[in-house]
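Following the hints, put chains L and S in place on chain G, whose structure we already have.
Protein chains in written order, with our numbering: chain G, 1 to 410; chain L, 1001 to 1318; chain S, 2001 to 2536.
Hint data in this document are derived by calculation from the structure and do not stem from the laboratory. We treat Cβ as the ideally placed atom computed from N, Cα and C, and that holds for glycine. Where hints are given, some of them may not hold.
As the list claims (entries may be wrong) - Calculated lysine-lysine pairs in the DSS-like style (CA-CA distance at most 30 Å, straight line):
| # | chain 1 | residue 1 | chain 2 | residue 2 |
| --- | --- | --- | --- | --- |
| 1 | S | LYS2336 | S | LYS2177 |
| 2 | S | LYS2128 | S | LYS2177 |
| 3 | S | LYS2336 | S | LYS2458 |
| 4 | S | LYS2364 | S | LYS2402 |
| 5 | L | LYS1100 | S | LYS2461 |
| 6 | S | LYS2177 | S | LYS2477 |
| 7 | S | LYS2058 | S | LYS2122 |
| 8 | S | LYS2509 | S | LYS2477 |
| 9 | S | LYS2401 | S | LYS2362 |
| 10 | S | LYS2512 | S | LYS2362 |
| 11 | S | LYS2425 | L | LYS1056 |
| 12 | S | LYS2362 | S | LYS2425 |
| 13 | L | LYS1010 | G | LYS236 |
| 14 | S | LYS2362 | S | LYS2328 |
| 15 | S | LYS2058 | L | LYS1161 |
| 16 | G | LYS55 | L | LYS1222 |
| 17 | G | LYS28 | L | LYS1161 |
| 18 | S | LYS2425 | S | LYS2401 |
| 19 | S | LYS2477 | S | LYS2425 |
| 20 | L | LYS1161 | S | LYS2509 |
| 21 | S | LYS2362 | S | LYS2177 |
| 22 | L | LYS1056 | L | LYS1100 |
| 23 | G | LYS28 | L | LYS1073 |
| 24 | G | LYS55 | G | LYS28 |
| 25 | S | LYS2058 | S | LYS2509 |
| 26 | S | LYS2458 | S | LYS2477 |
| 27 | S | LYS2458 | L | LYS1161 |
Unchecked claim - To give an idea of the chain S side of the interface with chain L (calculated C-beta under 10 Å), a few residues:
| # | residue |
| --- | --- |
| 28 | GLY2075 |
| 29 | THR2108 |
| 30 | SER2111 |
| 31 | ALA2112 |
| 32 | THR2113 |
| 33 | ASP2115 |
| 34 | THR2117 |
| 35 | ASN2151 |
| 36 | THR2157 |
| 37 | VAL2225 |
| 38 | VAL2230 |
| 39 | ALA2259 |
| 40 | SER2376 |
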Amino acid sequence: MELTTSQFVIGYYTFLLGVSCFGAYTNKRQVFMLAFSLTLVSFVLGIVGGAAALKAIAICAGMLAIAGMISFGFREFLIQIAEGDFGAGIRNSGSSSVVTLILVAACIVSGVMGWGFTEILIAITILFVVITSLNPETAKELRTAPLTAAFGMFVIFTYAVAGIFAPWIAPFGEAEVISSAFAPPDENMLLGADQLGRDMFSRIVYGSRNSVGLAITATVAAFILGAGAGLLAATKGGWFDQFMGRFADVIMSIPSLIFALLMLSIFGPTTPVIICAVAIIYAPRVFRLTRAVAGNVVVMDYIEAAKLRGEGMWYLIRREILPNSTAPLVAEFGLEFCFVFLLVAGLSFLGLGIQPPTADWGSMVRENATLISFGDITPLIPAAAIALLTVAVNFVVDWMLFRSSGLKEQ
Amino acid sequence: MGDIAGLVGKRLGLGLIILLVISVIIFFMVELLPGDIAQAVLGQGATEENLAALRKEMGLDQPAIVRYLGWLKDAVVFDFGSSVVTQEPVTSIIGERFAKTLFLAAYAAVIAVPVSIVLGVLVALMRNSIFDRVANVLTLTSISSPEFFLGYILILYFAVKWGMFPAIASLSEGMSFVELLNRAFLPALTLVLVVVAHMMRMTRASIINLLASPYIEMARLKGAPPLKVIVRHALPNAWAPIINVVALNLAYLITGVVLVEVVFVYPGIGQALVDAVSKRDFPVVQACCLIFAATFILLNLAADVGAILTNPRLRHPK
Amino acid sequence: MKSVKDQMLLDKLADAARTGSISRRSFMSNAITAGLTASAATGLWSSSAKAAPQNGGKFRVAQHDGNTSDTHDPGTYLSYAMILLAHTFRSYLTAIGTDQNLAPDLATEWSATPDATEWTFKLNPNAKFHSGGKVTATDVIASMNHHRGENSSSAATALLASVVEIVDNGDHSVTFKLDSPNADLPWIMPDYHLPICPANADGTINWQTGDGSGPYRLVEHESGVGSRLVRFDDWHGEGAYFDEVEFIIINDPNARQTALVTGDVDACSLLENKTLGLLSRNPNIEVDNVGSASAITIPMHVDVAPFDNNDVRMALKLAIDRDELIEKVTYGAATKGNDFHHSPAMPYWPDDIEQTPYDPDKAKWHLQQAGAEGLSVSLSAAESITTGAIDMCILYAEQAKKAGININVVREPNDGYWSDVWLTKPWCLVSWGARPTPDVMYTLAYKDDAAWNETHWKNPKFNELLLQAKAELDDVKRAAMYREMAIISRDDGGAVIPYFPNFVYGRRKGVKHTGQLAASWQLDGARGASRWWFES
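Bound conformation, chain G alone (with noise of 0.2 Å):
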């Protein structure tokens, strides 16, 4: 069924105005506001835009409808998981850490000899960390999660779930020519072809898994190198703390992007060598993060009283100092982890990314982005990935920080 532009018009205003009064007879005023502001927008859009506008409005408003609707799903089925606390006898056996340490190493022993079912293991033991960490206590806080945060942990959920599995999801493989160069989007290929002819979905595909594993892989690196640096050198003091400090001021002057370019072009365009190069830089600022937020902690009375009790530093760290400054840890874990991503397209842009064919996101904006000026919209499909990436890990972040800030209001 064909709606006429008029139908359509009056169908729309019709429905805003609806759920705006609904809001108010109910007293629900965020749904109100929201409602009724939509509306004056649409007016002025309306005249402005004419019926195209408001269709797009109207579009917009059903995915971020979706959206929500996802996100709400995907948190009460968190919350179903955690309730039944289907992990409670694992915990309870004690043998939890354990059988983690046994599957991370049976991924890295498969990984490294190119067994054919890593990945399933690898999703495994995800799924096996992710069961055993919900429980009801973890169930309570997941209520209080706003849909933001619900929807940023979805996404993460699909990106991993790509990224794993992705020779089984992509039609293609990263490297396979199947048609001419920038074909556009048919019953085979979802978004078209490449400059070289290859699907551009398997491309997106692979790359959740070689961008974001090297992300994530670089960001846990400079995490490791600082915040472990900087935990020491706030317990220890003195000269060792002294000179990682003035260590880390060394190479935090020195400007990123060159420092990256000088040991790219010395060491060669190695994936290993990108993820060092990134770690390196992005190391001294977790570390001096992690030791202004480890200073404040070690003058507390509690670690005051754990040293006289005689516990070793390895006890001090570990179970006194870092559960107190987790948190904006967490915070800077998630901006480095997009800022990576970038320095990562940057290098590319200077002839000094990921090796091709690796399908990576930062390379495939760069290798067309100049399409863009042409209206043409290849580009853009890579880079969405990051941004939404992007959004979504800062989504989870900040209700993680927005919690541990012990607001309780609202």
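Chains L and S only, in chain G's frame:
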């Protein structure tokens, strides 16, 4: 205030040592790069004989350590030598370019800093509202696109489609100040989009972080309006982390603009540095890196001093 | 059907009409003699005469590949930006004309002794440097000596290696004495390293001040940023229609093209092939796509296994789908190669040599002959070699799979590629700049004792023909020799030559040229500034 002077003096001394260490690191990294200046200058057409002749002409036949010490001896009296490739004095190569880089950075900072702090206060005030979420999504999206791509999009709309601003930002002498601002607008806007998110989020986070403190609770219970609570009570204590992030981003505006310079053909120092690296022209690389490092150190120092000055408790230590 | 001779006459007439050096009456009578009807002749007259160049305007060019550390030293010219600039403010002894033939620049005429071991160039008596002095034989000798001798740091020493002595004849002419015959010496003179600079008293040249004898005088120059030039009214050549010329260095392809689209510049070098189709839809922009003599080669060391077996070499030549590479890597902007390093843009090009096709089955057969089924080889490449270099190797690898050959693409770092990979690794990707003649190219990289013999190929017949052709002043005989050399090179040589990339550059609608473009460099042989004009 004597404490602050002492702190500044100590930090400046430390800064000099850091600069020395950096010069050593940069020198030997440039040395380690595959190929040498002679090869980079002559390219594919090089033969052994003219490579040797060129090396001798450029003084590359001496060992690396001798060349470094020679450079250092002059550098301590602020003589940064001449480019190995063009024989031009380094100061004349990068002097004007550095001024242009500073201009662009200042331009972007003048827009970005107030915008992000005001936005940060506003979203902290209206936290978790639609406005908060939209501001968050927009700024996060803008920092998650690579800079060069943001630049291309801005060029497409502002220069090609609407013709509001010039696409290439090549500055020349004799331009009026207004014209300079007009020419450099698109690169400045790109930089603004890149740095606003970080500063805004930190402002928001550090204010929200304080909202649970007892004294804020107290102010709220007294019946102070939310805006007043934030501006008068929370913000003064939140300055330290905000200033830190602002300093970090200002440093980025000066040292990290290579890509924006390339995209907008802006004749700043970043392009000179990348060119010098590809030609192994170490006096130029050294001078650029030291300028960047000094900028970074000074900004950091300014941030620390600023943090002390804005925080009453740090200003009057017990 | 017009004969070739008549067509040439018509072309000349159209040229004359364009430059205004012929009256309408004599144009008409000549055109009708050449076999044109009166109305067709009138049409030709009006279309040519309308295109008569006009003086005036400021010509702004967006130029790629400029570097902050570029200098005016002709011996170390490397970036395209400096090559373009050199052709605009300096002069060479000879030039490549828009008809791809040798044209006069500073030298008005040149001649050789019958054995081609001595070449005499007569200098143009009107030629002047911008600073006022005449261009003399002393300047020419000093400029050439800059690239000769043991202590020269110039990259052009190899070009002039056979020159024993350069003599000032005292009558405004110089004579080059060679140690072996070389019929192509005048063709070497347009090489971008060899402009004529004013001589110093001690026999060196003054390259530092930016003085030259070209069509435009350098007013302002900042390396890596741009330069500004104004017309030199005393120039000895014809053309230089613009009042002022400005080169703006824009290394980013998108920024360059955008500047052209928005009208910030009037012409733009090196368009990105990827967006060529989209750009040419813009009604304000004209794209020039010119076949060139630059080349992409994939040389194998023929003395290293498995490339020492000619069947393996043939298999690799048959396993490459040149058409797909041209379509996907250059988006059609290239001329197909046939494994001999002689492009249609060079003189003496043999047009009747059978093309080696993409034939995986035949490649397999050759592998069987060599007993090398399931061949696996490594191919080194770096992204900086040419646009899409790695993409190209990956495509080649996919194509070769059909012939049962496994090509393992090794990405080498851009830095140090010429010193660590080229001439060292047994199989790698190479790009060659345009060389004026087959002799120059073959002598540089295919002669048995050449320093840059990138394939280590030593074919006696080929080398014999090369030396014969070098000494042969008769064009027809030379052409036959080059044809034979091409066939030997295709069937036995070590280089796979997929294509000769075209020069692709753009200009705004208002910028006009004669329609014929020199193929030696971008922007009409780097002489667009002195050959093009604005339509009023």
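Checklist entry - Of the hints given before, which are not true for this structure? => result 1, 5, 7, 8, 10, 16, 17, 19, 21, 22, 23, 27, 29, 30, 31, 32, 33, 34, 38, 40
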